[in-house]
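**Q** Given chain L, work out where chain V should sit, using these hints.
These protein sequence lines are chains L and V, in that order. Note that this note's numbering has the first sequence beginning at 1306, numbered continuously upward. Note that this note's numbering has the second sequence beginning at 1306, numbered continuously upward.
Honestly, the hints are just simulated from the structure, not real lab data. Each hint should be verified, as a subset may be incorrect.
You can't tell identical chains apart in this list, so a pair holds if it fits in one copy or across any two.
To be verified - Taking lysine-lysine and the BS3-like style, the derived pairs with C-alpha atoms no more than 30 Å apart in a straight line are:
hint, residue 1, residue 2
1, 1371, 1628
2, 1433, 1371
3, 1599, 1487
4, 1659, 1487
5, 1433, 1620
6, 1599, 1333
There are 2 protein chains.
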Amino acid sequence: MNLRRLIPAFVAGALMLSAGAVRAEKKKELRYVDAASLTIIGKTMETPAPFQRVDTARYELWQPVKRYSLYSTGLAVVFRTDSRTIRARWTTGGTSLGHNMVPIARKGLDLYIQRDGEWVYAGFGWPKMNADKHESAVVENMAEGEKYCLLYLPLWDKVLSLELGVDADATIEAAPTPFRHKVVVLGSSITHGAAAGRAGMTYTARMQRDLGIDFLNLGFSGNCKLQPEFARMLAEMEADAFLFDAFSNPSGAEIRERLVPFVETVRRAHPTTPLIFIQTEVRETTNFNERLRKFEEEKRAAAEEGVKALMKKDKNIYFIDSKGMIGTNHLGTVDGSHPSDEGFMHMAEYLEPKVAKILRRYGIR
Amino acid sequence: MNLRRLIPAFVAGALMLSAGAVRAEKKKELRYVDAASLTIIGKTMETPAPFQRVDTARYELWQPVKRYSLYSTGLAVVFRTDSRTIRARWTTGGTSLGHNMVPIARKGLDLYIQRDGEWVYAGFGWPKMNADKHESAVVENMAEGEKYCLLYLPLWDKVLSLELGVDADATIEAAPTPFRHKVVVLGSSITHGAAAGRAGMTYTARMQRDLGIDFLNLGFSGNCKLQPEFARMLAEMEADAFLFDAFSNPSGAEIRERLVPFVETVRRAHPTTPLIFIQTEVRETTNFNERLRKFEEEKRAAAEEGVKALMKKDKNIYFIDSKGMIGTNHLGTVDGSHPSDEGFMHMAEYLEPKVAKILRRYGIR
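The following block holds chain L by itself, in its conformation from the complex (with noise of 0.2 Å):
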């Protein structure tokens, strides 16, 4: 027997299957409508484009955060719908990929249906690698009926236009936000989700899929130092609390400086409004890097500090210690710094019981 010629058509018979099932669903007839006549959640604030986070006219920014500004990290379109497909046609603005980062989560999308009251992964938009003009199934061969949806926009990149397709006998309509309260988290690239596996999957979108408050995501990938702008950004903010990543990317010496200042803002305008501090995450960086694993030491030292002094003077703010927050087998970065969808997992679950505690004390539940 000449395996060899044998193979290949075992092969392409099963190709071949997929492909025919490619084929039948491209034939359907769908209608698309535009993203940003329906529900889009996620923001902190009015811009000029739908599926931008900060509006940068506003304020005093500087690079790269103004470019992070414009992404869609942290939004979702929330719909209904009783098509049997969904298929995604979107623009993203050209960023390129990083060494830790996977595409889907960069420029693709990432759907969840609501069933038996909760969020269960639907599918994904698949992104192009090297251009920004997307076209994807998202699901398809769905069973009849009306599907409550959630899907959330890329993590690392701007939405220039996102349309929808449904099937053309298909309704497709805004649904209300499924997440109550206002918590506005400013972070690092961890907030940002920079090595998560799709835009869901941050411990931000996990939160709120989990405990159906609305965690509204502003990391800003390595740029998230206390710095004073950032402090009157969340001043000018309407929020039921704030969460804080923001002792990841300063170092000790700049929490020292900056964490009362930047505090001082936020309460002028925000006078008892809770502020929940995360101490940030012991990097797997500085398992065996002596001088790393000092740097890291003094910033939680720092940090630690910092915010328990705060706290004798202000019952609202909070302190969350680390330890064992991205897991305890040093497998829940991708690179030393950056949660993987492991780190997530984690991260999630030990943040949630503590965060809902204290939230819990003010109404938000």
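**A** The following block gives chain V in isolation, referenced to the frame of chain L:
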């Protein structure tokens, strides 16, 4: 106070701090050795090139299996050094990135150092994004003293050369493999580690470190379909046990047609070696896609029926079911099919006690 002027100065200060640390390291004189002169583990056979999995001249392979055979998937370098720094220079083979992949896993390096009997993550080799000649620190500023090191090679490319750099006055030498026995794992992209964050995060690498037993990775993305040539390859191999992720790629019909002759070929060479079949994962692509769900259910039924029928006649064949294997929160994959680090964590936790229990019966522990 002009914030716009103030903030760049803060940022620049922080950048200088880390750039300074890097410069100090680079100034040190290093000595490079060819990693091929150290201990290479994870290989099921002799190969023409040192960092290659399969000798393609020995088998009638088809594409892309032939190409994947040249990859360094599952291979690792084992050595001892008293260096305080480990750097690497390596060349990869020019494969491009998939939408569900992390560049570090695809072309990068992944280092673990033993501490108190445990393999602890120590650092990664940073791959270039659009080039194949890489040079990177892996870990720096370590304490003095001897380190026992395990460096995983890229999951998804060839490694044409690899040199490790240590302090000029330090020793570096081949060290014995830390892993006992040889359990050969034949599998799909799940085993191949398509969406792992680093090379050491696949379920086979985790099981290797956790159990101390060598699991040799023969994952061939999309192409592990019980083909007779794979059976012939296993028949020629030395192994204490075989573990199969063999039901992820074929259809139900292919499983029904091919499983019996596949096992017969393996059994002629290995009459009593344990053959452990893992049921294919319950895919998250099937949460709402009813057509895919039916296709996957047919596969799983064919697999379970097929293996259970064989088990009636052969007491050294085993079947491990997959319910809950990649977790129960529907978040264990990047794209619905391929486990992320979160999925691999669940997979290792799920499989380890089940596989270890079977292996213990054969004195494999």
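**Q** State the violated hints by number, sorted upward, taking the hints as numbered earlier in the document.
**A** 1, 3, 5
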